[in-house]
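The listed protein sequences derive, respectively, from chains A and B. Note that the numbering used here numbers the first sequence so that position 154 is 154, with each residue one more than the last. To convert a position in the second sequence, counted from 1, into the numbering used here, add 1000.
Among the hints, a few may not be true.
What the hints assert, rightly or not - Calculated pairs, DSSO-like style, for lysine-lysine (alpha carbon to alpha carbon, straight line, at most 30 Å):
hint, chain 1, residue 1, chain 2, residue 2
1, B, 1084, B, 1123
2, B, 1084, B, 1100
3, A, 138, B, 1084
4, B, 1123, B, 1155
5, B, 1123, A, 128
6, B, 1084, A, 128
7, A, 138, A, 2
8, B, 1100, B, 1155
9, B, 1123, A, 138
What the hints assert, rightly or not - Computed list of chain B residues with no C-beta within reach of chain A, every gap over 10 Å:
hint, residue
10, 1003
11, 1029
12, 1049
13, 1051
14, 1052
15, 1054
16, 1069
17, 1070
18, 1084
19, 1086
20, 1099
21, 1112
22, 1117
23, 1146
24, 1150
25, 1151
Unchecked claim - Selected chain B positions facing chain A (Cβ under 10 Å, derived; list incomplete):
hint, residue
26, 1082
27, 1116
28, 1119
For the record, the hints were derived by calculation from the structure and aren't laboratory data. Just so it is clear, CB atoms sit at the ideal spot from N, CA and C, and this is done for glycine as well.
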Amino acid sequence: MKVTQAVEIPLAEWVSSVGDHVSQGFSYFDWLTAVDQTDATDEPGFDVVVHLLDVTAPERLRSVLLRTRVPDGAAVASLTPVFHGAAWHERETHEMFGIDFAGFDDGTGLGLRPLLLPDGFEGTPLRKSFMLAARASKPWPGAKEPGEGHGEGLRSGAPSRRRVQAPGVPPPEWGPR
Amino acid sequence: MPVDLPMPRVGPLAEHAPRPIKVVLNWGRRYSLWVFNFGLACCAIEFIATSMGSHDFIRLGVIPFAPGPRQADLMVVSGTVTDKMAPAIRRLYDQMPEPKYVISFGACSNSGGPYWDSYCVTKGVDQIIPVDVYVPGCPPRPEALLQGIIRLQEKIAAESLSGAALRRKYAAHRTPSAAELSRPLLLDARHGPAGQVAR
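Isolated chain A, as found in the complex (with noise of 0.2 Å):
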């Protein structure tokens, strides 16, 4: 569904703020997840997002976006207390991206534990930078850039653009490819 407003909210008011928007009617949870932002010029760190919904009038639906940014490394505290299902979605998020969440807890006492990775993988794989190990034995099949790859784009000129290094490609540290 469309989200119809998004709302910044600071570190410290996280779940105080999430309960004003129940107590508005927000009440149904939708899901919680973070974004990446460690390469932010300003504030880097974690947007830890989540979606309510209102459901009260079923044929208007609201809806709304929650985000605060937690600094790498940072605790935010868990929404747990307010919605019980946050509990999966939290341990998803921690083992995705390592952000810890204060004060978590699913009613079993064993804390946030891993949920869908295998057993013993390391790392968080939805980090930016969480290297893709096949990368580093094999490079990208297809073009990465405009005017990379087979054919006419090589000849007729690209447009310059810089090269971005994409999240996940191994450095030239890895060894050749």
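Fit chain B to the known structure of chain A by using the hints.
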């Protein structure tokens, strides 16, 4: 408590049978392939389409009614194999009685396909189990699976089921024990690490 039974195998009778009998045995096996569909993604839909009326692989002797891997001769891995799913595939393959065959159906199970550089996708199901026939495509059409089945049947017709030939085929792969086949796949975090799970 698992009972330590050996896996059912083709006996010494088939191994030392005279050549005409081997031809008959191979002929019997190639047209009675009880198939077990390991459907993991969209390719499974093409597999189902192949089993339905318009393509109908039952006319080739492929029987899609195996209740589980223990009754199946052929496993068709159709879809994206993830590292999380890989132990389950290996285990269900181990449960199949020999002689057993595997068709890798589609780009994902052949090589990882469009997800070749993903952090969680296995780069081809042949990294965990031996594959007899690869069917390329994304997804392959049902006709491609029919062609793959015919190629597998040609392979079965040409094969010799002597003990040495079987050992060669499965040489790189360990033989599982009954305890391994019945171990729990998922560990309950409340019971500690593997091996300490209360039975």
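(message) Hint check: residue 1084 of chain B vs residue 1100 of chain B, CA-CA at most 30 Å. Holds or violated?
(response) 24 Å, holds
(request) Run the C-beta distances from residue 1051 of chain B to all of chain A and say if the shortest one exceeds 10 Å. (result) The assertion about residue 1051 of chain B holds, with a minimum of 31 Å to chain A.
(request) Please settle this one: residue 1003 of chain B was flagged as non-interface, so is its CB more than 10 Å from every CB on chain A? (result) Residue 1003 of chain B is indeed farther than 10 Å from all Cβ atoms of chain A, at 27 Å.
(request) Compare the distance between the alpha carbons of residue 138 of chain A and residue 2 of chain A with 30 Å, and conclude whether the hinted pair is satisfied. (result) 39 Å, violated
(message) Tell me if the interface restraint on residue 1082 of chain B is satisfied: Cβ within less than 10 Å of some Cβ in chain A.
(response) 8 Å, holds
(request) Compute the least Cβ-Cβ separation between residue 1069 of chain B and chain A, then decide whether it is above 10 Å. (result) 21 Å, holds
(request) Double-check residue 1116 of chain B for me: the hint is only fine if its C-beta lies closer than 10 Å to a C-beta in chain A. (result) The hint holds - residue 1116 of chain B has a Cβ within 10 Å of chain A, the shortest such distance being about 6 Å.
(request) Would you mind confirming whether the straight-line C-alpha gap from residue 1123 of chain B to residue 138 of chain A stays at or under 30 Å? (result) Within the cut-off at roughly 12 Å; holds.
(message) Please verify whether residue 138 of chain A and residue 1084 of chain B have alpha carbons no more than 30 Å apart.
(response) Between residue 138 of chain A and residue 1084 of chain B the Cα gap is close to 23 Å, so the pair holds against 30 Å.
(request) Would you check whether the claim that residue 1086 of chain B is not at the interface survives, using Cβ distances to chain A and the 10 Å cut-off? (result) 8 Å, violated
(request) Go through the hint on residue 1119 of chain B and say holds or violated, using the shortest Cβ distance to chain A against 10 Å. (result) Holds: closest Cβ of chain A sits about 4 Å from residue 1119 of chain B, inside 10 Å.
(request) Say whether it holds or is violated: residue 1112 of chain B keeps its Cβ farther than 10 Å from all Cβ of chain A. (result) Residue 1112 of chain B is in fact no farther than 10 Å from some Cβ atom of chain A, at 8 Å.
This entry does not satisfy hints 7, 18, 19, 21, 22, going by the numbered hints stated previously.
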